[in-house]
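Visitor: Given the structure of chain Y, go ahead and fit chain G onto it with the hints provided.
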Amino acid sequence: MKAITWAKENLFNGVFNSILTLVTIFLLYVSFKGIFHWALYEAKWSVVPDNMRLLMVGPFPPEQVWRVWAMLALTLLVAGLLYGNVTRVRPPLWMWIGALLIYALIWPVVFPSTRFWLALSLLALPIGMLLGPYLPRKLLTPLSLVALVVIMALPTAVNPNQWGGFFLTVLITVGVSLMAFPFGLLLALGRTGKLPVFRTLSILYIELIRGVPLVTVLFLSWIMVPLFVPEQWRLPDLISVSIGFSMFAAAYLAEYVRGGIQGVPKGQYEAAWALGLSGSQSARFIILPQAIRSVIPALIGQEIAIFKDTSLVYILGLFDLLYMALTVTKNPKYLGTDREVLLFVMFVYFVGAALMSYASRRLERAMGLGTR
Amino acid sequence: MNEAASGATVPFWKDERKLGIIFQALLLFVVLATLAFLSYTAYKGMRARGLEFSFAFLFEEAGFLISEGVTIANDGSGWIFRAFQPSDANWQVLLAGLINTLRVSLTGIVLTTILGVLIGVGRLSSNWLVNRLSFAYVEFVRNTPLLVQMIFWYLAVFNKLPPLRQASEWYGFILSNKGMAIPWVATTPAWTQFSPYFYGGIYLWIGLWLLRWVWKSPRWLYWAVPLGAWLLGLFMVGQLPVTLSIPAKQGFRVAGGALLSPEFSSVLLALTIYTASYIAEIVRGAIQSLPKGQWEAASSLGLSYGQTLRLIILPQALRIIVPPLGNQYLNLTKNSSLAIAVGFPELFNVYGTLANQTGRSLEGVLIVMAVYLFISLSISAFINWYNTRVALVGAAR
Chain Y
6 MKAITWAKEN LFNGVFNSIL TLVTIFLLYV SFKGIFHWAL YEAKWSVVPD
56 NMRLLMVGPF PPEQVWRVWA MLALTLLVAG LLYGNVTRVR PPLWMWIGAL
106 LIYALIWPVV FPSTRFWLAL SLLALPIGML LGPYLPRKLL TPLSLVALVV
156 IMALPTAVNP NQWGGFFLTV LITVGVSLMA FPFGLLLALG RTGKLPVFRT
206 LSILYIELIR GVPLVTVLFL SWIMVPLFVP EQWRLPDLIS VSIGFSMFAA
256 AYLAEYVRGG IQGVPKGQYE AAWALGLSGS QSARFIILPQ AIRSVIPALI
306 GQEIAIFKDT SLVYILGLFD LLYMALTVTK NPKYLGTDRE VLLFVMFVYF
356 VGAALMSYAS RRLERAMGLG TR
Chain G
2 MNEAASGATV PFWKDERKLG IIFQALLLFV VLATLAFLSY TAYKGMRARG
52 LEFSFAFLFE EAGFLISEGV TIANDGSGWI FRAFQPSDAN WQVLLAGLIN
102 TLRVSLTGIV LTTILGVLIG VGRLSSNWLV NRLSFAYVEF VRNTPLLVQM
152 IFWYLAVFNK LPPLRQASEW YGFILSNKGM AIPWVATTPA WTQFSPYFYG
202 GIYLWIGLWL LRWVWKSPRW LYWAVPLGAW LLGLFMVGQL PVTLSIPAKQ
252 GFRVAGGALL SPEFSSVLLA LTIYTASYIA EIVRGAIQSL PKGQWEAASS
302 LGLSYGQTLR LIILPQALRI IVPPLGNQYL NLTKNSSLAI AVGFPELFNV
352 YGTLANQTGR SLEGVLIVMA VYLFISLSIS AFINWYNTRV ALVGAAR
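Sequence lines, in order, name chains Y and G.
For the first sequence, our numbering gives the first residue as 6, with consecutive numbering after it.
For the second sequence, our numbering gives the first residue as 2, with consecutive numbering after it.
Chain Y with its partners taken away, still in its complex shape (with noise of 0.2 Å):
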């Protein structure tokens, strides 16, 4: 009786709603009827776990993927030691049963010698939430430090031209914010200022990236960048990539910081000019800090725009992880397989999207944005 109801108040109210229900209901089986008999008995769905590994590091060499669910396990545990420290919080049930369902789940695709760190990974940041309440907090900004130099340092014994995959997909993603970062305050804080050179200047700059395509200024940065060092260097094409993909960023981050710095209200700036902080002083302590602060899910918008476009470097010729997808479907064992693959890049791109964009809410919420 309650599904009658339902479906009565909210598909067939009006004679309007109840055509549009039918026609989309129609269309819906015309078109899905098809897919999920492709998706259901036709897929080789098989090509997915068989080059997993392909997918996921591409070239990385088989022995030194350890290297890369080290990094991972390292973060994860780091991740989950602060997260316990600052809120106190046990790791939920769920947490420990999710681990070992992914576990399950995955472990068959995972190179035999590896097992051990998938486990590790996995358990990492359980542990670290874990033990994260019990570490004094001196003791944990060095040693965040510490995790994050190993890390940096971990991939670095295998030659940068043999990095690929979903892996290099986010090493990209975090490489190009971490630098682009900096740089688009610095634009944001010129195009808000009084000083008429500095200004010019990023709006200049500003104005002329966000005028020409990504894929432009990868290519210019891919034919300069190489001419600026030293021949004898061959510098590896990852590097002279993400320099132009950073420039690129940098001028959207400018746009969404002084979004934030223009809606921080001017009695601000009045009162930090009253108690005689200088310019530098009032942008470090008063504005950024409260521009930033509203700004975070546009930036966090602007994070995943840099994630989904990572996929530019395959034009490139870099082996991310649309590369290595694309390689696997030209394999004549998998011929004609690009639909299932390509589903599967689609799968892990949206999930990632997804999560971001999850945790961007969450962060919201627990600021307390557009509530106080």
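Honestly, the hints are just simulated from the structure, not real lab data.
If you're wondering where the values come from, they're calculated on a predicted model, not measured in any experiment.
Careful: at least some of the hints might be erroneous.
Straight-line distance between alpha carbons at most 30 Å, and here's what the computed DSS-like set of lysine-lysine pairs gives [said to hold, decoys possible]:
(1) Lys338(Y) with Lys161(G)
(2) Lys19(G) with Lys335(Y)
(3) Lys49(Y) with Lys271(Y)
(4) Lys199(Y) with Lys19(G)
(5) Lys13(Y) with Lys45(G)
(6) Lys338(Y) with Lys19(G)
(7) Lys179(G) with Lys38(Y)
(8) Lys38(Y) with Lys161(G)
(9) Lys161(G) with Lys335(Y)
(10) Lys271(Y) with Lys250(G)
(11) Lys38(Y) with Lys271(Y)
(12) Lys7(Y) with Lys38(Y)
(13) Lys19(G) with Lys38(Y)
(14) Lys49(Y) with Lys161(G)
Selected chain Y positions facing chain G (Cβ under 8 Å, derived; list incomplete) [unchecked claim]:
(15) Leu206
(16) Gly216
(17) Ser283
(18) Leu317
Virtual Cβ for every residue (Gly too), placed ideally from N, Cα, C.
Guide: What follows is chain G alone, placed relative to chain Y:
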């Protein structure tokens, strides 16, 4: 106190004004020095690699073929539009690429606006099914990269379509691995007699528009003059000058209609679907930002849902929509450069081939960037002009 205020004894490293000037001079110097250093090293690096910075290659023969594209060429009697040929010059192939970029972008802009508004309104529909479907569409499309979607359309959809022989026909549309055949207008033999009237109507319209400083014609005249000219032409010729040509299978090829190549179709579909998800969110945000009283006032006037939307809500929402919508149009145009991944010969793809053939990567990419910059600035100028027209009178411009 007095001395400090006059600034006489303030050392320059504590004087904000002087510090600002020093900082800016330093900044300008650093930027200029960096630019000079970069151009010098680039020049030296290119010399070391045996290259020379020059645009002379633009006038050399291209010598390669692109799969589709129209360019302007001199056929001896004058400049005409015709298909690009390998014997044309390099600037002509770049122009063909630009025309392809504009073709796919303009078509995409029209289609994505329609789809985006529909989905955006669907997001607010009281119909649960439509509402959830629109939501799922927006979430899925926005959270996956455009490039992957484009390659998916090309490799996983259009490349997997059956050959023309087995292709299914659907109300004048034929989908095969040769591409998408759609009904299109075609001219009949009577067109040659009709064309003077056709162009005459357009010239008269332009004349009226130019004359508006001297004599302000009533609005209906703008419609009546060209229509009158065309009707007169129709009456004089006595035959239809244009018909709707419907594609039909003819052996291994399609006759009639217009055949959109698989590359063009996948780029167009990917751009349309991707941008529509952003436009949908813009439309939804704009409609939701209108005061609820507008809906209530409309329904108390007895307007139906559709009437309310058409007469009350959308015209007001339009003001909020225009600036971000223009931004999306810009994004769509810039994103068309991703077509290099599926081999549609738009500007950037043509540049890629050209750079391979001539080795002029740097000069080429600078030209391409300048062209995109020009397109971007034109679109944003147009949007600004339009925005001032729809903005509230008296509102801040």
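Visitor: Of the numbered hints stated previously, which ones are contradicted by the structure, given in increasing order?
Guide: 2, 3, 5, 6, 10, 11, 13
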